[in-house]
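Heads up: the sequence shown is residues 3 to 248, going by our numbering.
Hints are not guaranteed to be accurate.
Stated by the list, open to error - Cross-link-like lysine-lysine pairs, in silico, BS3-like; alpha carbons within 25 Å at most:
no.	residue 1	residue 2
1	Lys-48	Lys-61
2	Lys-28	Lys-48
3	Lys-177	Lys-116
4	Lys-45	Lys-61
5	Lys-79	Lys-48
6	Lys-79	Lys-177
7	Lys-83	Lys-61
8	Lys-48	Lys-116
9	Lys-28	Lys-61
10	Lys-103	Lys-48
Stated by the list, open to error - Have a look at the derived ranges for each label pair, beta carbon to beta carbon:
no.	residue 1	residue 2	range
11	Lys-28	Lys-100	25 to 33 Å
12	Ile-49	Glu-167	30 to 38 Å
13	Lys-61	Thr-244	32 to 40 Å
14	Leu-102	Glu-131	27 to 35 Å
Hints are computed from structural coordinates only; laboratory data are not their basis.
A quick note: this is a predicted structure, and the numbers were derived from the prediction, not measured.
Where is the CB? At the ideal position from N, CA and C, for every residue including glycine.
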Amino acid sequence: MITNKVAIITGASSGIGFATALALSKAGAKVAIGARRTDMLSKLEKIIKENGGEVYSQKLDVTKKNECNSFVENVLKKWGKVDILVNNAGLMPLSFFKNLKIDEWDQMIDVNIKGVLYCTGAVVTNMLENKSGHIINISSVAGRIVFPAGSVYCATKHAITAFSEGLRQELSVRKNIRVTCIEPGVVATELTNTITDESLQTFVESAKKMESLQAEDIANAIVYAVESPNHVNVNEILIRPTTQDR
């Protein structure tokens, strides 16, 4: 059970982050939600409060280390601990490498990798002090399989999969901090909205026609992992739509 545990969710303004905050709150956790879009955070905060949950929200750009530290510090001031971190914030502006969309490469590296490192670094001291905690990293099926136009995105998600395993070896056995890497396939979220490479229009349209996973499906997987008994460390969950072939 996670009643009264404190959970931080990044990228909580939509999609998987939004659904996860609702699901963890419903399961009894106190949730701290962060994202850049404060209007959506306010909407989520209102829903959680109306459902009787406890919530703290703050504008958060995970590419800024000081904002990650400030967010965690404020959560600790309010509730005194962090039990669960869900590193969800991410971008997927797929493009063929030859098109040299360097700004988009930088964005992905900053959000998908550095953001995870900054937020994990901000919570790890408290978890070590408490000798408990659970870090959930949202990777992707792209953290296992590389595909055309996904070379940089896949590289960032391979990095998160590797980072998760390194964390597990360092923190789980020795420090009782569990680590779970969630690897979704195609999910019906806003993720494809960042794709600017026009040659990928057919790919985007075909993905939208698929019976995709819903954000709630991933949220349910996260709840399963965090509600598992303490001696159970659910290290990886790879979850695809039934009709997705790769």
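Hint check results:
Among the hinted pairs, Lys-48 with Lys-61 is consistent with the structure: their alpha-carbon atoms are about 15 Å apart, no more than 25 Å. Our distance criterion of 25 Å between C-alpha atoms is met by Lys-28 and Lys-48, whose separation comes to about 14 Å. For the hint linking Lys-177 to Lys-116, the alpha-carbon distance of about 23 Å falls within 25 Å, and the restraint holds. The straight-line distance between the Cα atoms of Lys-45 and Lys-61 is roughly 13 Å, inside the 25 Å bound, and the hint therefore holds.
The straight-line distance between the Cα atoms of Lys-79 and Lys-48 is roughly 21 Å, inside the 25 Å bound, and the hint therefore holds. Restraint check: the Cα-Cα separation between Lys-79 and Lys-177 comes to about 23 Å, which is no more than 25 Å; the hinted pair holds. Distance check on the hinted pair: Lys-83 and Lys-61 sit about 20 Å apart at the alpha-carbon level, within 25 Å; holds. Of the pairs offered as hints, the one joining Lys-48 and Lys-116 is violated, with about 30 Å between alpha carbons and a cut-off of 25 Å exceeded.
As the CA atoms of Lys-28 and Lys-61 are separated by approximately 22 Å, the hinted pair is consistent with the 25 Å bound. In summary, the hint linking Lys-103 to Lys-48 is not supported, as the alpha carbons are separated by about 38 Å, beyond the 25 Å threshold. Remark: the range hint 25 to 33 Å for Lys-28 to Lys-100 is contradicted by a beta-carbon distance near 46 Å. Look at Ile-49 against Glu-167: about 35 Å separates their beta carbons, and that is inside 30 to 38 Å.
Separation of Lys-61 from Thr-244 is about 38 Å and conforms to the stated range, judged on CB atoms against 32 to 40 Å. Distance hint for Leu-102 and Glu-131: a CB-CB separation of about 45 Å, inconsistent with the stated range 27 to 35 Å.
Checked against the numbered hints given earlier, this structure breaks hints 8, 10, 11 and 14; the rest are met.
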